[in-house]
Structure formats: C-alpha cells, structure tokens
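Work out the full structure: start from the sequences and follow the hints.
Residue numbers (UniProt numbering), protein chains in the order written: chain A, 1 to 397; chain B, 1 to 397.
No lab work stands behind these hints, which were simulated from the structure alone. Be a bit skeptical, because a hint or two may be false.
Repeated chains share a single entry, so a pair holds when one copy, or any two copies, can fit it.
Stated by the list, open to error - Derived EDC-like pairs: lysine to aspartate or glutamate, alpha-carbon spacing no greater than 16 Å straight-line:
{"hint": "1", "residue 1": "Lys381", "residue 2": "Asp302"}
{"hint": "2", "residue 1": "Lys2", "residue 2": "Glu196"}
{"hint": "3", "residue 1": "Lys323", "residue 2": "Asp305"}
{"hint": "4", "residue 1": "Lys68", "residue 2": "Glu53"}
{"hint": "5", "residue 1": "Lys381", "residue 2": "Asp305"}
{"hint": "6", "residue 1": "Lys65", "residue 2": "Glu53"}
{"hint": "7", "residue 1": "Lys30", "residue 2": "Asp77"}
{"hint": "8", "residue 1": "Lys381", "residue 2": "Glu36"}
{"hint": "9", "residue 1": "Lys96", "residue 2": "Glu4"}
{"hint": "10", "residue 1": "Lys388", "residue 2": "Glu346"}
{"hint": "11", "residue 1": "Lys285", "residue 2": "Glu387"}
{"hint": "12", "residue 1": "Lys388", "residue 2": "Glu48"}
{"hint": "13", "residue 1": "Lys2", "residue 2": "Glu189"}
{"hint": "14", "residue 1": "Lys125", "residue 2": "Glu15"}
{"hint": "15", "residue 1": "Lys96", "residue 2": "Glu84"}
{"hint": "16", "residue 1": "Lys2", "residue 2": "Asp93"}
{"hint": "17", "residue 1": "Lys391", "residue 2": "Glu346"}
Number of protein chains: 2
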Amino acid sequence: MKMENPTPIQWQFSERAQQLQSSAIREILKVTARPEVISFAGGLPSPETFPVERMRAAFDSVLVKQGKVALQYGPTDGYGPLREWIANSLSGDGVKIVPEQVLMVSGSQQGLDLLAKVLVDEGSKVLVETPSYLGALQAFSVYRPEFVSVPTDENGLLPDRLDDIGKGARLLYALPNFQNPTGRTMPVERRIALVEACARLGLPLIEDDPYGALCYRGEPLPKLLGMNPNGVIYMGSFSKVLTPGIRLGYVVAPVPLIRKLEQAKQAADLHTATLTQMVVYEAIKDGFLTEHIPTIRKLYADQCDAMLAALTEFFPPSVTWTKPEGGMFIWLTLPKHIDSMKLLDEAIEQLVAFVPGAPFYANAPEHNTLRLSFVTVPPAKIREGVEKLGKLIAAKL
Amino acid sequence: MKMENPTPIQWQFSERAQQLQSSAIREILKVTARPEVISFAGGLPSPETFPVERMRAAFDSVLVKQGKVALQYGPTDGYGPLREWIANSLSGDGVKIVPEQVLMVSGSQQGLDLLAKVLVDEGSKVLVETPSYLGALQAFSVYRPEFVSVPTDENGLLPDRLDDIGKGARLLYALPNFQNPTGRTMPVERRIALVEACARLGLPLIEDDPYGALCYRGEPLPKLLGMNPNGVIYMGSFSKVLTPGIRLGYVVAPVPLIRKLEQAKQAADLHTATLTQMVVYEAIKDGFLTEHIPTIRKLYADQCDAMLAALTEFFPPSVTWTKPEGGMFIWLTLPKHIDSMKLLDEAIEQLVAFVPGAPFYANAPEHNTLRLSFVTVPPAKIREGVEKLGKLIAAKL
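Right under this line is the structure:
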C-alpha cells in the first residue's frame, strides 16, 4: 500500500511557530540529567517531598469507590468538590471566592497559555517583571505580544512606573512570593501600591503563586487576590506542595474571564483528567497539606541555608546574591565582565549546572546574572557544587 | 487589606477569543446530564468498557515500584517506553515508525490545538470534510483559518476535488475510520487516491483515528499513515479503547514537525502527566488491549445493531441514515423542511437528546441532519429513545 517516492513535504510553519524555541532550561536539563552532575538548574522539586503512599492510597480509594466516574470524560471547568476546596482556601478576611471563579488546568503552564490566548493579540502590550519567569515569557510569546519589562528593585516591581508604561496594556504578570528567578518577595506596602496602580489603569493583574506555601522565614504575606478580587487573576499549583508529575493547577478570576478561559480550554484539551482531580481532592480534603507542607518547608529551608552558607564561604566578594525567604531560587549577579552563558559551559565540564540569567529578561538581558535552585540537591552536594562554581568565578577576576 | 470600590475591569478579549464559543455538544451535554434523559448526544464511551481493576492495579504497581519518578516532572515529548510501544504498533508492512516520530499529548484534542498552532496562520486555508468533527473545527478556528469544506459522498472525501481547492492550503483534516459525525468509512481505493492527491500537492494530511480499533464488521482497513509516512500526520487516542478520563493521546508525524509541536507543547503545558503515561504503559504492555478491545467491540456492535433495527422499525421512510461498520455514530438526514435544532427542543421535552448536524459543517450547514451516538445507552433504552424520536418526526410529515 505504501506510495513509491512521494514528494517530501516542505513544512510551512505558522509565523508564531517560526519564532518558537525550546526553553533554555529544558535544554540544559537534558544535558544535566546524568546523575553525576550536581544540578542547580531545574526547578525540580525534591522527590523526598512526594507523598507517594498518600497518593497511592488516594488512587486506590477513588478507583474502588468511583472508578467509572473517575475514568469518564468530565466537565471543562473541573471537578466540583476540588474547585470548592480551592475557593474556600482562598476565602477569608472579608474576601469570598466562589467555585464558579475557579478553572482547573493541566498545570500552571496551561493557565499561562490560556490567559495569553484569551487576552493577547499580536502586538498587545504585556507587562512583566525584570527579570521574569521564563516559562511565562515562552507561553506569552506564542501570541506575539510587545513585552514591556517593568523596572524592579530588591522588593520587586516599581508600581509608580506603571502609570506611564501600563496604559493600554492587556495584562501585567507578577510573581509576588519568592519570585522565579530572583527569589525575592514583594513587601505588603508594595503589594498594595501595585494592586492600586493596576486598578487605576483597569489593567488585569496576574498573580502567579506556585511557591506561596514554601515560606521559610517570617509570615506569609497577603495575596494580591484578596486586595482586589475583581482585578486580580490568581494562579495556583499542586506541583510544589504535592507533586508536579500529575500536572494540576488552577486559575482564579472574575466569572466573565473564567467563562472565556473555559471555552479556550475546551478547544485546547476538553478538560483536565477527571481521575487526577478526584485523587488530589481525596488526598487533601482532610487537611493533609497542613501537616505535609511543613515537612517540605523544613527540607528546603535547610537546603537554602546550606546554599547561602556555601556562597558566603566560597564566592568572591564581587558577586552578590538574593537571600530568599522561601521558594526554590537564589539569583546571583556576577562582575559585569563575566557572561554566565559561557560560565555554564565550563561549569558543565566540572559537572555542575545552573541556568544563565539572560533568558529571564523579556527585553535587554543582563548577561552577568544566573539562577541557582537549592531544592533538587542535598546539602553536601550543594556545598560541593557551590565550591566548584566559586573557583571558576574566582579564576576570572 | 481589601481595596474599597476599585474600578471594575472592562475585559478586553483577544480577537481570537471573541469568536470562541462553547461547543454545542458540551452545552447539550449539560442539559442532558440528568439520568432520566436518554442521551444519544455525547460521544461518551460506555463506562461498562472501562477496565477499572486493570487501571487500579497499574496505578498501584507504578506507584509502588517507581513512585518518585512517576510523580516528578517528565520530558515534553513523553514517556519513552510508551512512545516506543506506539511506534511499534504502527510499524509493519514495510513501514517503520520510530519513537522520535511520536509526541504524547493530553488527549487528541490537544493534538488538534497544537497542530493548528504550529501550521495555521490567520487566513490560512484549512481543508475539512463535509461534515467534519466539531471538536476539530473548534480547535482550528481559534487560529482563524479560512475553512474549505471538501465535498464528500457516502465513501468520504472526493480526492479529485483537491487539485482545484487544495493549492496553498496548510492542512487537510480527515477521519477515515467510522467518521465523527457520519460514521462512514473510506474504502481502500479512496484512501490511496486521497494520499496521492495530498502528496502531489505537498499538502499535510491529518489522519484522525480515535475509533479505528472499534471495527464491528469486515476487516480494519490500511491506515493513511502507512501509505505515506512522510506526508501523513496520524492521531491516536486511548480514550475509546481504555478510558477517556485520563486524557491521553498521541501524534505521529515526521520528525521536523514533531520537534516543532514539542516546542509548542512545552509552552502550552510543559508535558503530559508522567504518572498517567507510565500507568497506561504498565496496563497495556503485556497485550491487554488485544483481549480487551474485542469486549468493547461486542458491546458496541450490539448497541449499533439495536439502534439500526429501531430506526428501521420506528422512523418514516423519508428519513435516511448511515450504516456504520464501527465507531460510535449514526448520521441521519431528515426531510428538508425539518430543522434538527428545533427538533432537539421537542426531543429534550420528551427526555431524549441528540446533536443537531449544523455545527459539524465548516461552511454551509445542512439543517436537516443530526448525529446519534449508540455507545452511551443500553439497547432497551436505545429502542425507547428512537421510538420517541420517530414519533416526533412522523408528526411533522
């Protein structure tokens, strides 16, 4: 039946696809997947934190009690009891979130894709932090926006710049807690000023919060969502507090936007796996996360301390870094003349990996920056890897 | 912390989002979810076919043996052993498919979305059957193509029309086996002519094949993929042969296209759930499907026969319908003056549901058509529902 010598196809990709690239991080991860590499590159949660037995029991229970429902097609907006759980978890302090404001998605990354699909036209102004989360830049760039990189300081975005540059923008994307890639946290006053500036401009404000629960020092700060539930789009995830491999996240927004996102999701993948949603609800409904999350915090806090101590011990004084109060990442600034992309090649030869800073900038990159993750590797390896990196840098001074 | 009286946001949706609509089918499904309704509307597989115990054992085995891998982030292109299994299952008869040609997706619907994202610009010509699968029209329409509805007869697409209308088109989308919505099957000679016409034009040909294994009469026909592996994009799914609620499908295509689709998938949702892919591989690797699929065939063949018999018994001779050799659907053509959309309102009052034919047409709809699914409801209910529909139609003659 096979045709003989058919003319080979010349693939003509869409304009949006022609500019698509594989994420720098995922390319680095391929190189560093060898077990002998000490990887500070990925944001891979430590498998030590995965509640395997809890998940196993939850799969078993759901399949025994409701197998035929769990394995059937389900509603696009998601599993009702889980949406209700999420709405309740975000309500309080005078704020009431209802399940109709919650859309379940196949990981936060899908939330980013759907939001851009629904809010961004070619050339639309999209505001991001300087630097910003690479995966968000990648998701948004498919829809060919004009990125505007909002100036930041050590406390995050500078809201007073928004009145100038935010006019007519379609959205502002921010990560107020333990930001990826910098690890920095936005203080309360800054949050209030940001929410007020966006409300003044009528500018949709995306609050991406995958790390909010991973707080190692001080108290969790109030969410932007609670400050203006009608203007903030909140994104949450089970990847960092339960497990990432199940791909489950959620978007919380005013109902008119949720309805539109639901239509986009229906066209994109019909719905997120019914079974996964039922199992996560089964696993967490009795308060499991309140006992589980502290164990993750303890593990990562120790690894964060180990990395900060090693940086102080082994890095030259001309390098500076952030001191995160939570999350997964530390952000380093090297002397101007050191290009972290070139440094990476040398580091990989020494079996140490990190992510260079440049891909996190929507506009003008700062090539002397880099991101270290402290969650994947245990303390002894952290010390060993940081020492090696320190020597490589010291040799360039 | 809550702002007092912030200005409400005026949501400005993207142009592509403004034209997005919820699928007619899913809206009908909401109405007909009540258990007292006899629904011929959805393509919901019968839960009787779900191998709940097999899936339960597979989840348990994977979580016990490889829990920490299964719950971790995974590669964007998918779980290696499952991609290899799929490549092997499609190889033979002089055709060799390699795992690098396989991309795992979160259900076939995501494959449709990614293909359009990567191949279709605004205004690109996209060729579809008359009528075509509604979910594909919905997925493609997000990228604002110019749909061209290719003429068909009882054997499917008319390939000799392609030389005229196919020039410069970005893709042709076809469902050769037990098509959704018509249930018709493309004979071998027609398949050869179609593949040759597309190869002549250098036109990418999407072969969507979710129902291929559900063959009730005769022998399975050769896949388009095998006729020209360099020009055909094959889409498969575990929804109809295993379970739909896990959302797992795959795209098989030449490597340059798979690499581009992989980049698009990375931006869209990073990857499909690791655990799901490992569990499906665990469930099927020892040949389970070769014993399981015949049980599905038997169940659906009986229900198909029951519906065909009831149509003959209760429907007036001025109504015609297809006699599918597999799949899930029968397509009806009513006398010209009957609008099936209006008929649906009356049918729902009688607690019977179906999908009107109009939404399946990319261009000029034929309002006197409708789709019946025979897989969701057991034979006695099929007879009862068809009798009610027959009376409603007879009353209009």
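Against the structure, the hints:
1. Lys381 <-> Asp302: within (13 Å within a copy, 62 Å between copies)
2. Lys2 <-> Glu196: between (65 Å within a copy, 10 Å between copies)
3. Lys323 <-> Asp305: So Lys323 and Asp305 pass the 16 Å test inside one copy only (9 Å; across, 70 Å).
4. Lys68 <-> Glu53: Answer is between; shortest inter-copy Cα gap is 10 Å, intra-copy 23 Å.
5. Lys381 <-> Asp305: within (13 Å within a copy, 66 Å between copies)
6. Lys65 <-> Glu53: between (18 Å within a copy, 12 Å between copies)
7. Lys30 <-> Asp77: between (34 Å within a copy, 12 Å between copies)
8. Lys381 <-> Glu36: within (11 Å within a copy, 62 Å between copies)
9. Lys96 <-> Glu4: Only across copies: Lys96 and Glu4 sit 15 Å apart there, 65 Å inside one copy, limit 16 Å.
10. Lys388 <-> Glu346: within (10 Å within a copy, 76 Å between copies)
11. Lys285 <-> Glu387: neither (44 Å within a copy, 46 Å between copies)
12. Lys388 <-> Glu48: neither (25 Å within a copy, 59 Å between copies)
13. Lys2 <-> Glu189: between (68 Å within a copy, 13 Å between copies)
14. Lys125 <-> Glu15: Close across copies (15 Å), not inside one copy (19 Å); limit 16 Å.
15. Lys96 <-> Glu84: within (12 Å within a copy, 49 Å between copies)
16. Lys2 <-> Asp93: between (67 Å within a copy, 8 Å between copies)
17. Lys391 <-> Glu346: within (11 Å within a copy, 79 Å between copies)
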